Each structure stands twice: as C-alpha cells, then as structure tokens.
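Asker: One letter stands for each residue in the lines below.
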Amino acid sequence: MPMSIKREGFAAILHDRLIPIGTVLLAIFALWYVFTVVLNAPFERDQAERAGVEISTSELISKTMAQKRPILPAPHQVAVEIWETTVEKKITSKRSLIYHTWVTLSSTLLGFALGTGLGILLAVGIVHSKVLDKSLMPWIITSQTIPILAIAPMVIVVLNAIGISGLLPKAIISMYLSFFPVAVGMVKGLRSPEVMHLDLMRTYNANRSQVFWKLRWPASVPFLFTSMKVAVAISLVGAIVGELPTGASAGLGARLLSGSYYGQTIQIWSALIAAAVLAALLVMVIDLIGRSVTRRMGVVA
Amino acid sequence: MSMVFIVTALVFWIVTWAINNALAKRRFKDRTVQAGVDILIPVLFGAALLVLWEGICRGFSVPTVLLPPPSMIWARITSSLDILWADFQQTYMKAVLAGFVMGCGSGFIAAIIVDRIPFLRKGLLPIGNLVAALPIVGMAPIMVMWFGFDWPSKAAVVVIMTFFPMLVNTVAGLGATGHIERDLMHTYASNYWQTLIKLRLPAAMPFIFNALKINSTLALIGAIVAEFFGTPIVGMGFRISTEVGRMNVDMVWAEIFVAALAGSLSYGLLALLERAVTFWHPSYRSK
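Sequence order for the protein chains is A and B.
Here our numbering is used: the first residue of the first sequence is 1, the next is one more, and so on.
Here our numbering is used: the first residue of the second sequence is 1, the next is one more, and so on.
In case anyone wonders, no lab produced these hints; they're calculated from the structure.
Remember, predicted model here, so these are calculated numbers, not experimental data.
Among the hints, a few may not be true.
As the list claims (entries may be wrong) - Under the rule of at most 30 angstroms between Cα atoms (straight-line distance), these lysine-lysine pairs were calculated in the DSS-like manner:
| no. | chain 1 | residue 1 | chain 2 | residue 2 |
| --- | --- | --- | --- | --- |
| 1 | A | K130 | A | K94 |
| 2 | B | K213 | A | K229 |
| 3 | A | K130 | B | K213 |
| 4 | A | K188 | B | K29 |
| 5 | B | K94 | B | K213 |
| 6 | A | K214 | A | K188 |
| 7 | B | K25 | A | K214 |
| 8 | A | K68 | A | K90 |
| 9 | A | K130 | A | K63 |
| 10 | A | K89 | A | K68 |
| 11 | A | K229 | B | K122 |
| 12 | A | K188 | B | K198 |
| 13 | A | K188 | B | K25 |
| 14 | A | K130 | B | K29 |
| 15 | B | K198 | B | K122 |
| 16 | A | K89 | A | K63 |
| 17 | A | K130 | B | K25 |
| 18 | A | K229 | A | K130 |
| 19 | A | K214 | A | K229 |
| 20 | A | K229 | A | K188 |
| 21 | A | K68 | A | K130 |
| 22 | B | K213 | B | K198 |
| 23 | B | K213 | B | K122 |
Working from the sequences, and respecting the hints, build out all of it.
Answerer: The structure is reproduced here in structure tokens:
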C-alpha cells in the first residue's frame, strides 16, 4: 500500500478533494459527450442516406449535438434548456423550471415535516411503552422491506376521489416514506444513553419527563439529523413519484412524464438535473443545520 | 347491524391490547417461550389491526373504491392468482432479479477497483455518496426510451439504483479491517489478492449484506415505478397504475400484497444468508 503524504490546509483540500473529484467529473462529462455522438449518430446517418448526401465525420459529430429530440442530449443542450427555463422565463410561467421545482419542493417539505413529526412521536411512544415496542417495532422494520412507493398512485387517486387534491396527497406519500427512517433512527437515538447516565438520573430522583428532556432527547439529536438526511432525500422521491399517476400538470414528476410522452428528452434531462440539484441542496441544508446544532450542544466533531 | 361490526372490532382490539400488555410486561424464563411470545405479540397486533380495518369498513360502510375490507382483498387475491403470478414473473423474476444481480455485481467490482486506486476513491466516493441520495427513479423514462417497453428497461433502472449503494458500502467495508489484522497478513507474506480474499472481503461482508438488503427493496421500487412510464400489458407496476385508473382498488391492494410479500421474503432470505456467512460477527454470536 502506498504511503500517504500528510497535507494540510489548502493543499489538502486541493489534492484530496478538488483534483480527484474534478477529474472524475471531467471524465463523466467526456463520456457523456462520447455517448451523445455514438447514440445519436445512427439517426443522422440515416437522414444523410435518405437525402442522398455524403456526411463528413466532423459534420456528423456537430449534428449529433444539435438534434431537437436526441436519444441522449449533449450536456450543453441540457444546460441551455435549464438556462432558458429558469432565468429567461418568468417564475410564474408554466414553462419555468423554477415553478415546477417549487411545486415539488413544497410538497416535499410539507411531507418531510409531517413525516419527521410522526416519526419522532412514534419513537417516543416506542421507547416509553413496552407494549408499543413489542407490537409495533417488528411491523415498522418489516414495512421497510416493502416497496411502499407502489401505493403512491392509489393514495393520490383515492384522496382525489374524496375531494382532497393538490399539495396534500403528494405530501402524504412523502410523509409515509420519510417517517420510517426517522422513527427507526430516533428509537436508536433515544435508547443511546448509557446505563450509567440513566442511573445517574435515577440518583437525582429525576422523573420520566426529566429523563426524557435532559438526557434522552439531547442524546438522540445526532441520530435525528442522520435519519433526517435520509428522510428528506426519500421524501423528494415520494413527491416526484406522487406526481406521476394523476397526469399532474405541475411539478418535476409531471415534467418527466410529459417529457416521456412527447419524446422531449432535453426536458426530461433538465428536470432530472433540477431534481438532483434539489436533492443535493436539501441534504446539504439538513447537514449544515445538524452540524451547527450539534456544535452548539457541545459535541466535538 | 353496522354497529355490531364496529363494537366487535373495538372489543377485539381492546382484548388483544390487554393480552399484549400483560405479555409484554412478563418475563419468561424459558428462552424458547420468550421467543414465541416476542413473535406472538406483533402477530396479535397485526390481527387486531386487520379486524379493526374490516370492522370500520363494514360498520361505516366505507365505499370499496376508497378502502376495500381485507376479506375482499383476500378474495380478490385467491380469485386472480394467474394474473398476479404473470405480473410477478414479469416484474420480479425478470426485471428485478436481472437488474439486482447486474447492479450489485457491477457495484461490487467497481468497489474493488476503486479500493485499489486511492485517486479514484477520493474522486468517486463523494460523487457516489451524492448519487445515492438522488431521486434515481427519475431515470426511468429515459431507460424506457433507450431499452424499449419490455423488462430490459426496468432492469436498467434497477441496475442504476442498486449500483451506488453497493459501491459505497463495499468500499466502506473494505476499509473496515484494523491495522493489526493487516499487519498480521503482512507478516505472513501474503500478497494483495490473498489479503483481499482471506481477510478484507470476509470483514466487509456485514457492509455488503447491508447494501444487498437496502438494494432488495430499492430494486422492487425501481422496477414498479419504471412500469408507470410504459410497459407491455403485464407487470405489477402496470397493473397498479391501470387498475387505479379503473377504480379496481381491491386489485391494487392484491398487487401491493404480492409486492410486500416478495419484498419481505427476499429481505428475510438475505438476512438468513447473512447469518450463515457472517456467523463470526458479534451480533450473531450466541450470548
């Protein structure tokens, strides 16, 4: 195994983060361009053959990157589409990607908040009641092995049928997906105080709620943020999938669906990139909040 | 008449709750009895939930389009076994299994390569971690365009979804051996491959099985959601989306039952396999 050289400060960031990650990203973009040419070339060759003209290689390559409905759009095509639909369109416009992202984001956040609340409540109940623990916990664990997302269409349609539509049905799916990781993580977190600490609380003659607020709750905060990172990512997935079955008119999922109906690959890719950026941002925000909270609580990172 | 159902269900709920309460508080000396009781409690709870569901549906005569009672779902399951089986074959046996094997396999191989080259580990791991949190199911429409309506496109979605968890977990697992163990292998003059196969891979097994278990659920989700974007007229996702449109909610529940059964059985199977492979791990040693 090669000896690793210890670097510090900026050099460490440069050599351990920027250069390797940058290289890999560059490689991904290069591969993307290669695949663009390879996948889109048959169509152009076919076109040229039908028109009865010879096509030079350089012409072929430039044409594969400027198709209207390419099999794989080139990165710069996606970038142009994203620029046009975010900066050049009004936010209120139905064609604005920001508008669609906002629709998805709002149901994601609502579902995430509901799911986190429900997860915490369940975990508190499970930690404090032996019956709940023994009867509910096995089901919570089993339910994680079930493809819950499969019921998304049914929830949407059924809630629509009884007159609940718009934000709430999607948020319910997000909630349903996101409360499992929070519940499981919080049960672990609330049980994480050591026996010694619990005994200490006993010698202080602390009652249950004091033990909870002064010991269990603070001890569970790192677990809470770890599971919230999982939960926010999964609730975004829930919101996107929740937009699929209703033939929804707005949201990133609706963009994906309409893109796939009309073969608008560039639109699909730009919606995908928007979803990816959104997911990364959400996870990052939770991570930052988690770090600052644990630092204030005196945890040495 | 309708009140009878509700009252019966409530009484059943209260009785089972009381039994569970009594059972949970007692400690049994015999270990097998304790294990049996630990299984009995959730089973009773589940039964009470089903009875309550049935009672509420019948008692308040909830329209079956909204929420069919369990008995009706069960009747639908037993009466349409052939359709369910065909869907299961299309979605699980073809798309999920093929995608799962390819995704986990390529993730594993990529992890070994990444582990060998530190530069790649620094560059690829942060990206892999990020991608694992992204909504990859969104790739489904593109895969359907590329690989057609039949199961290969679903398998492709499953491959992408399962690749990154496997990569990230395996790399973490390969780093899980301590210095002392590696130094020991060094004193035995073992080469890279011997160390890998005899020490580092076995030590990585808990991580690998963790990824396999995560992936078993992800794979099923990926295949089902990908079918929402276009399929031949068979498959679990196809059935769910069309029967929802026709308001045959009992069929949807039947399909979900199958999905749940498939999901938990494959998870259980992986857990058993894990126990057999990582028998040395502290969490499985008998106390």
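Asker: Hinted pair, alpha-carbon criterion (30 angstroms max): A/K214, A/K188. Please report holds or violated.
Answerer: holds (17 angstroms)
Asker: Sort out whether B/K122 lies within 30 angstroms of A/K229, counting only the CA atoms.
Answerer: holds (22 angstroms)
Asker: Does the alpha-carbon distance linking A/K130 and A/K63 stay inside the 30 angstroms limit?
Answerer: Since the Cα atoms of A/K130 and A/K63 sit roughly 68 angstroms apart, the hinted pair is violated (cutoff 30 angstroms).
Asker: Taking 30 angstroms as the top limit, are the C-alpha atoms of A/K229 and A/K130 close enough?
Answerer: With Cα atoms ~28 angstroms apart, A/K229 and A/K130 stay inside 30 angstroms; holds.
Asker: Take the C-alpha atoms of B/K25 and A/K214, compute the straight-line distance between them, and say whether it is at most 30 angstroms.
Answerer: Satisfied, since the Cα-Cα distance of roughly 26 angstroms is no more than 30 angstroms.
Asker: Given the hint that A/K188 pairs with B/K198, does the C-alpha gap stay at or below 30 angstroms?
Answerer: violated (33 angstroms)
Asker: So if I understand the rule, the pair passes when the alpha-carbon distance is 30 angstroms or less; does A/K229 with A/K188 pass?
Answerer: Status holds; Cα separation ~16 angstroms.
Asker: Hinted pair, alpha-carbon criterion (30 angstroms max): A/K130, A/K94. Please report holds or violated.
Answerer: Violated. A/K130 to A/K94 sits at ~52 angstroms, over the 30 angstroms cutoff.
Asker: For the pair supplied as a hint, A/K188 and B/K29, confirm whether the alpha-carbon distance does not exceed 30 angstroms.
Answerer: Distance ~26 angstroms between A/K188 and B/K29 Cα, so the pair holds.
Asker: Taking 30 angstroms as the top limit, are the C-alpha atoms of A/K68 and A/K130 close enough?
Answerer: violated (62 angstroms)
Asker: Between A/K89 and A/K68, does the CA-CA distance stay at or below 30 angstroms?
Answerer: Given pair A/K89, A/K68 holds - Cα atoms ~20 angstroms apart, limit 30 angstroms.
Asker: When you check the alpha-carbon spacing of B/K213 and A/K229, does it fall within 30 angstroms?
Answerer: holds (19 angstroms)
Violated hints for the displayed structure, listed by number in ascending order: 1, 9, 12 and 21.
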